[in-house]
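Visitor: Work out the full structure, taking the sequences as your base and the hints as a guide.
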Amino acid sequence: MRVTQNMLFRSGVYAMQERSQDMMVVQEQSVSGNRVNRPSEDPTATYRHLMFSADLSGVQSLKKTTVMATERIKAAESNIDAMYDTMLSAQELALQYGNSFVGGDPEIMKAASTNVFSYYQDFLKNVNQEMDGIPLFGGGRTISPFDETKLTVTDIQRRSKNVGDFQDVSSGFQATLSSGYLPKELPLSVKMIYASVDNTFTVNVNGVDKGSFSASATDPGSWFLQVGEKSGEGFTFQYPMSGLQTAMKNSTASADGTDIATFSSEAVNGSKFASTAAQTNIDAVQAVLAQAVPGSDLNLLATNMMAADTGGTLTREEADVLAKATVTYATSREDAVFIAANTIGPQNGDAFYFEVVPKYQGGTQDRSIKVMNGRTLSGNVTGGELIEGTQNGRGVNIFSILAGLRGAMLRGDTTEVQARINEIQNGAQQISDLQGVTGVRYTQVDSVSNTLETDEANLTESMASNSEADLYEVLSHMQQISQSLDVLASTQREILNNSILNYLN
Amino acid sequence: MSISDLLNVSKMGLLSSQSALMTVSHNIANVNTAGYSRQTVEFQARSANKHSSIGNGVDIANVARSVDALVDKRIIAGSAEEGRLEARDRYLTIIENVFNEMDKDGLASRLDSFFSSMDGLADNPTNPVSRADTVAGAESLANHIQKMHQTLSETALPVDQEISGMIDDINTLLSNLKSLDATIVSREVTGPALDLKDQRHDLVSQLGSLIDISVLQMDNGGIQVFTSHGQKLLMDSQFSATLARSGQTTESGFAGIEINGTEFDTTDFVKGGKLKGLLEVRDEVIYGKEGVLTQLDALVDEIRFQTNVVSSQTVSETMYKSQTGVFDLGNDLNTAMNALIPYPELVKVGTPPVQVKGTAPADVLRVTAGTLTFAVGKDADHLKLESVEIDPSRTLQENMEEIDAISGLNATVDANNRLVLTADSGTQYGVVSDSSGFMAAMGIGAIFTGSGSSDMGVNEALIADPDQFGVAKLTVDDPTNPTKVTFNNADNRGALALGRVRERESKFTLDSYKGTQLGSEGTFSFYYATMVGLFGATVSRNSEALTTQQSAQSFLTDLRDSISGVSLEEELTELIRFQQSFQASSKMVSSADDLFQTIIGMV
Chain A
224 MRVTQNMLFR
234 SGVYAMQERS
244 QDMMVVQEQS
254 VSGNRVNRPS
264 EDPTATYRHL
274 MFSADLSGVQ
284 SLKKTTVMAT
294 ERIKAAESNI
304 DAMYDTMLSA
314 QELALQYGNS
324 FVGGDPEIMK
334 AASTNVFSYY
344 QDFLKNVNQE
354 MDGIPLFGGG
364 RTISPFDETK
374 LTVTDIQRRS
384 KNVGDFQDVS
394 SGFQATLSSG
404 YLPKELPLSV
414 KMIYASVDNT
424 FTVNVNGVDK
434 GSFSASATDP
444 GSWFLQVGEK
454 SGEGFTFQYP
464 MSGLQTAMKN
474 STASADGTDI
484 ATFSSEAVNG
494 SKFASTAAQT
504 NIDAVQAVLA
514 QAVPGSDLNL
524 LATNMMAADT
534 GGTLTREEAD
544 VLAKATVTYA
554 TSREDAVFIA
564 ANTIGPQNGD
574 AFYFEVVPKY
584 QGGTQDRSIK
594 VMNGRTLSGN
604 VTGGELIEGT
614 QNGRGVNIFS
624 ILAGLRGAML
634 RGDTTEVQAR
644 INEIQNGAQQ
654 ISDLQGVTGV
664 RYTQVDSVSN
674 TLETDEANLT
684 ESMASNSEAD
694 LYEVLSHMQQ
704 ISQSLDVLAS
714 TQREILNNSI
724 LNYLN
Chain B
89 MSISDLLNVS
99 KMGLLSSQSA
109 LMTVSHNIAN
119 VNTAGYSRQT
129 VEFQARSANK
139 HSSIGNGVDI
149 ANVARSVDAL
159 VDKRIIAGSA
169 EEGRLEARDR
179 YLTIIENVFN
189 EMDKDGLASR
199 LDSFFSSMDG
209 LADNPTNPVS
219 RADTVAGAES
229 LANHIQKMHQ
239 TLSETALPVD
249 QEISGMIDDI
259 NTLLSNLKSL
269 DATIVSREVT
279 GPALDLKDQR
289 HDLVSQLGSL
299 IDISVLQMDN
309 GGIQVFTSHG
319 QKLLMDSQFS
329 ATLARSGQTT
339 ESGFAGIEIN
349 GTEFDTTDFV
359 KGGKLKGLLE
369 VRDEVIYGKE
379 GVLTQLDALV
389 DEIRFQTNVV
399 SSQTVSETMY
409 KSQTGVFDLG
419 NDLNTAMNAL
429 IPYPELVKVG
439 TPPVQVKGTA
449 PADVLRVTAG
459 TLTFAVGKDA
469 DHLKLESVEI
479 DPSRTLQENM
489 EEIDAISGLN
499 ATVDANNRLV
509 LTADSGTQYG
519 VVSDSSGFMA
529 AMGIGAIFTG
539 SGSSDMGVNE
549 ALIADPDQFG
559 VAKLTVDDPT
569 NPTKVTFNNA
579 DNRGALALGR
589 VRERESKFTL
599 DSYKGTQLGS
609 EGTFSFYYAT
619 MVGLFGATVS
629 RNSEALTTQQ
639 SAQSFLTDLR
649 DSISGVSLEE
659 ELTELIRFQQ
669 SFQASSKMVS
679 SADDLFQTII
689 GMV
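Protein chains in written order, with our numbering: chain A, 224 to 728; chain B, 89 to 691.
No wet-lab data here; the hints were simulated from the structure.
Be careful, since some hints might not be right.
Going by beta-carbon spacing under 8 Å, a handful of chain B positions derived as facing chain A [said to hold, decoys possible]:
no. : residue
1   : 95
2   : 113
3   : 118
4   : 119
5   : 131
6   : 132
7   : 213
8   : 585
9   : 609
10  : 610
11  : 620
12  : 623
13  : 627
14  : 657
15  : 660
16  : 662
In silico DSS-like cross-links for lysine-lysine, where the CA-CA straight-line distance does not exceed 25 Å [to be verified]:
no. : chain 1 : residue 1 : chain 2 : residue 2
17  : B       : 161       : A       : 582
18  : A       : 384       : A       : 433
19  : A       : 373       : B       : 572
20  : B       : 161       : A       : 286
21  : A       : 373       : B       : 161
22  : B       : 409       : B       : 359
23  : B       : 161       : B       : 320
24  : B       : 466       : A       : 582
25  : B       : 359       : B       : 161
26  : B       : 359       : B       : 320
27  : B       : 466       : A       : 373
28  : B       : 572       : A       : 582
29  : A       : 297       : A       : 373
30  : B       : 192       : A       : 287
Backbone N, C-alpha and C define an ideal beta-carbon position, used for all residues, glycine too.
Guide: Structure follows, in structure tokens:
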């Protein structure tokens with residue numbers, strides 16, 4: 224083949240350009256630290272790089288949020304620990320003063336009530352604790368979970384004859400705080416004792432006697448209890464009339480929405496049963512249920528239409544009743560059902576209690592924590608669960624317990640303190656349960672956080688091996704190209720200078 | 089035979105050597121002239137006359153170009169492909185830079201950053217800084233996408249301008265070729281038009297690198313040029329075609345190309361050359377069914393709709409008293425929604441068909457039959473559930489009237505043609521769920537605005553007040569059959585749901601391509617990584633093909649050079665050779681003169 228000058232030049236220039244391009248790639252690699260600097264250099268590595276980057280971004284984001292969530296749960300756990308300790312202190316105090324030998328002195332008990340008040344305040348402080356501007360136990364709301372301007376009146380409890388344990392009362396009892404009234408001293412513990420002789424209630428609020436009032440003759444009875452300084456500041460206390468004073472005009476029992484029995488007036492308490500039956504907490508009526516199998520449970524809805532003997536407006540009262548079919552008295556009334564209607568009114572000597580405490584203002588669910596794609600964990604437990612015993616709680620109102628204990632201490636009543644020990648223990652157990660729940664959540668989130676850390680390290684390593692430049696390789700390559708350029712330049716010089724022209728002279 | 093014959097023979101030798109030296113000189117002078125074909129002198133012995141058997145010296149029989157027609161043909165054919173690949177490579181490199189994610193400052197990192205900010209927001213949904221950060225992340229994403237669109241469309245514009253320039257170049261080349269060819273034909277009658285043929289070859293090569301052509305050599309020395317598909321470009325030195333931009337628009341929205349006043353189907357009729365490369369860049373790489381802008385638009389459509397679907401079912405830190413949709417409802421509220429033409433789709437309507445642009449909201453055809461449930465009430469704890477059934481076979485007006493019928497909630501259209509939801513005085517509301525996508529399509533509670541990558545933006549209401557960003561979801565007692573609803577202002581399920589959008593697998597389709605699915609079903613990141621990876625492969629493939637083609641061309645050029653190129657060594661040797669023959673002929677003259685003097689001396 225003939226070789227021309229142009230061929231030699233072109234070949235030299237082409238080779239030099241190629242080396243220069245290689246040099247530029249090496250320069251880019253050394254500057255950026257990346258083996259791949261544009262998609263076309265290695266499309267597959269680019270694809271992997273982008274996928275790794277997306278995964279890494281997700282993992283880093285999750286890691287960040289789980290670390291913050293871990294801190295939040297940790298803070299919550301520490302507050303719950305403090306609450307549990309407070310409950311144990313309250314329990315210890317109740318055990319000490321519920322024993323008449325140790326805590327019989329009302330003055331000492333009054334003095335010790337300040338401890339209970341401080342427990343209440345500790346709880347209030349702990350449960351309203353905030354982190355990052357949001358309450359730890361607000362359940363997805365920024366509002367302070369418990370605020371002494373937002374109050375609730377607890378369900379009324381009864382101690383029969385003012386002795387023994389606390390019992391729930393029927394649905395007829397209810398206390399309501401008058402609108403706009405904010406007691407100066409919180410929490411409030413109210414105790415009322417009923418005397419059938421003169422049909423009166425004697426009232427005590429936080430150890431201070433507030434006098435007595437006559438029970439109303441209407442059914443249900445309603446009485447306004449003046450507690451505040453201004454007129455109208457207090458509670459409305461509603462109560463059902465005693466079964467002895469009530470005549471049941473019409474009663475039906477229904478199951479699944481279908482009436483299955485109608486009680487005749489003869490079945491009214493006091494008519495079929497001895498009057499002593501009314502002394503129990505269960506007022507019973509009887510009806511024939513042809514389909515009932517003796518011994519079986521029946522979920523019934525008892526509907527009583529009641530009116531006082533003296534007449535007046537009929538009152539409708541409904542209650543879910545678990546009745547038991549049983550064989551009874553009369554041969555003609557086999558398969559009869561006793562229905563616990565719980566409509567009994569106050570009995571002589573009965574003590575009724577209720578408390579006025581802050582009401583939970585937060586939500587029912589806390590911020591979930593995202594732990595991986597498509598999966599979340601629950602966040603903190605709510606103030607509602609902790610203090611009012613909702614959802615994961617045991618249905619115990621801690622503030623009510625502390626208010627009641629304080630009230631009992633202020634009243635110097637060792638038996639009342641004694642009676643409250645059970646609910647204090649339940650309260651402690653409730654806090655303990657939620658402590659456990661929080662602990663488990665902390666462990667879960669912490670474990671996820673650790674896993675994410677490992678994922679991050681793995682992904683970072685994968686990314687590095689996929690697209691980062693090996694500097695040793697880059698330098699070696701650069702050296703190689705540099706040498707190649709040197710050789711090429713000198714060779715070209717020789718080739719291009721080597722001409723017959725040199726010999727023509 | 090006389091001494092004067094001897095002088096004549098010597099003279100012929102001198103003249104021939106002089107001509108040969110002229111040719112060598114011409115060759116040396118053109119050693120660096122592109123396309124020059126070395127010329128060689130062909131000597132021919134002058135035969136003896138009829139009275140003698142001794143020859144009469146030498147003649148220049150011919151001065152020939154050293155060319156190989158086949159090699160030249162292959163070079164022209166190869167230059168078309170090289171031109172195509174070069175044009176593509178130049179723009180592919182520019183476009184690749186738009187998708188270069190290796191510097192961690194591209195769309196992928198912004199997408200990740202936007203969704204990561206959602207996770208941060210979920211951690212503390214009431215933090216105003218987190219909200220502002222998320223809105224800023226959305227803006228950064230939208231701005232970057234707009235910038236990508238701008239760069240890509242601005243790349244298409246110079247490509248189109250270059251196409252126009254190239255058409256002018258082709259016309260000029262054809263015109264020059266026509267006149268040069270005519271000169272060659274007329275010159276060839278008297279003798280070879282050596283250098284003119286080189287010039288013509290050079291013009292043909294230039295033309296061949298712009299558009300794929302085939303050349304026919306005619307007996308009279310002229311040529312005929314056709315496109316490889318058979319369109320006549322140059323005929324018998326008499327006719328040269330004229331290319332121009334036509335009045336018709338292509339699918340990409342650019343003016344077409346006509347040849348001699350007739351529309352030229354560039355897709356089918358142009359197969360190579362820089363023109364083809366530019367057309368491919370404009371109509372296939374940037375625009376077109378699988379163009380990067382089309383793919384980007386599909387991604388943007390999905391990001392916008394999927395994000396808006398979730399955000400339209402969230403509530404901000406406070407419930408809403410009023411919300412305004414971000415999309416223009418279009419000019420037809422009384423046609424069934426599923427029969428509307430969404431913006432910016434182009435469709436042909438009427439007889440004869442006229443291309444029109446849709447006016448309905450971009451996502452209107454994504455609305456499906458479903459239930460839209462609101463919570464309306466005076467505060468977070470006193471909310472009532474209200475549901476309406478959205479039916480895409482009903483009109484926008486009818487569906488809005490359904491919402492307007494909800495107690496405490498009003499649906500109207502404002503002066504800007506946007507849907508406005510307003511609660512009665514003392515009432516607030518929020519969207520509990522929307523299985524129809526109606527709220528997102530109308531832009532209520534939307535994060536992203538626009539209809540594609542060209543105008544993607546962020547809801548102005550969110551930019552003005554990031555606290556409006558919806559991070560909470562309304563809490564219902566039973567998601568499948570809700571009867572009770574409450575609102576928790578620090579609820580983070582809205583933010584969590586928005587964060588999960590990046591994990592959702594979508595089908596990426598474009599209505600303007602009749603719902604053609606682009607790429608595989610997957611997450612945004614997967615789709616984009618695939619898109620970038622495949623584009624990288626396209627660039628790489630083109631680059632490799634170009635390198636291969638350049639090597640092939642380089643080989644052919646070397647081959648041509650070895651046949652037609654000037655070798656200085658060779659020419660210098662020839663120089664010595666002809667110099668010597670000239671000297672020898674001179675010596676012969678001198679000898680003849682001596683002989684002559686001898687004879688004169690004898691007298």
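Visitor: If a hint holds in the structure, say so; if it doesn't, say that too.
Guide: Now for the hints, and whether the structure bears them out:
no.	hint	verdict
1	95	violated (31 Å)
2	113	violated (15 Å)
3	118	violated (11 Å)
4	119	holds (6 Å)
5	131	violated (20 Å)
6	132	violated (24 Å)
7	213	holds (7 Å)
8	585	violated (10 Å)
9	609	violated (15 Å)
10	610	violated (10 Å)
11	620	holds (5 Å)
12	623	holds (6 Å)
13	627	holds (4 Å)
14	657	holds (5 Å)
15	660	holds (5 Å)
16	662	violated (11 Å)
17	161/B to 582/A	violated (95 Å)
18	384/A to 433/A	holds (20 Å)
19	373/A to 572/B	holds (23 Å)
20	161/B to 286/A	violated (65 Å)
21	373/A to 161/B	violated (96 Å)
22	409/B to 359/B	violated (62 Å)
23	161/B to 320/B	holds (18 Å)
24	466/B to 582/A	holds (20 Å)
25	359/B to 161/B	holds (17 Å)
26	359/B to 320/B	holds (15 Å)
27	466/B to 373/A	holds (18 Å)
28	572/B to 582/A	holds (20 Å)
29	297/A to 373/A	violated (28 Å)
30	192/B to 287/A	holds (20 Å)
Comparing the model with each earlier hint shows violations of hints 1, 2, 3, 5, 6, 8, 9, 10, 16, 17, 20, 21, 22 and 29; every other hint is respected.
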